[in-house]
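If you're matching positions, the sequence shown starts at 398 in our numbering and goes up one per residue.
No lab work stands behind these hints: they were computed from the structure.
Check each hint, because a few of them may be wrong.
[Said to hold, decoys possible] Listed next, the in silico DSSO-like pairs over lysine-lysine satisfying Cα-Cα at most 30 angstroms (straight line): (1) Lys467 <-> Lys494; (2) Lys454 <-> Lys494; (3) Lys540 <-> Lys467; (4) Lys454 <-> Lys467.
Because the structure is a prediction, the values reported are computed rather than measured.
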Amino acid sequence: MMLGNELEDAFNRQILLEFEASMVYRQLAIEMDLRDLPGMAAWLRHQADEEIVHANKFIDHLADRGNHPKIGTVPAPQVAAGTALECFTSALEHEQKVSAAIRQLVQAAEECHDFDSRPLLSWFLSEQIEEESTISEIIGQLKLTGDDGPGLLRLDSGLSQRPVATTEADAE
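Kindly produce the complete structure, drawing on both the sequences and the hints.
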């Protein structure tokens, strides 16, 4: 069953936001690479790839229902990341923005009685809880580490251990 125009537009805005999130993570990865923190950079690049998987889930949902997915214009990332802590704080702020948008999309779908979107949106609600929790944990560890170089390098090494996947990986 096709989505109405208003709900289709809301899903397309979410697609754009997921691509924007990917660009934010890419920029943050660059910032960590420039600070000689390759593990954090790798973790952030992986996260950028995961955001593309998320965008693809929304694209597939619209296309499967006979709607027209559109990406729109992805704005250049505006992030502050002078330190690793600032980097992950920026990441958390963006994830909170995405979480709020998902909740608004859930509300819009409910108002339109679009029950067919519930499984997808429920998955995203859970995913956003996980995303924010993971980044909050990293922020907590960065705060514990403070200016301790060896501690920061241990955390960087630990984050480099994240499994590698592609943008076409099944993120379920």
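Status of each hint after checking the structure:
1. Distance restraint check for Lys467 and Lys494: the Cα-Cα separation of roughly 20 angstroms lies within the 30 angstroms cut-off, and the hinted pair is therefore satisfied.
2. Note on Lys454 and Lys494: the hinted pairing holds, with a Cα-Cα distance of about 18 angstroms set against a maximum of 30 angstroms.
3. A C-alpha spacing of about 40 angstroms is found between Lys540 and Lys467, which places the hinted pair above 30 angstroms, so the restraint is violated.
4. For the hint linking Lys454 to Lys467, the alpha-carbon distance of about 13 angstroms falls within 30 angstroms, and the restraint holds.
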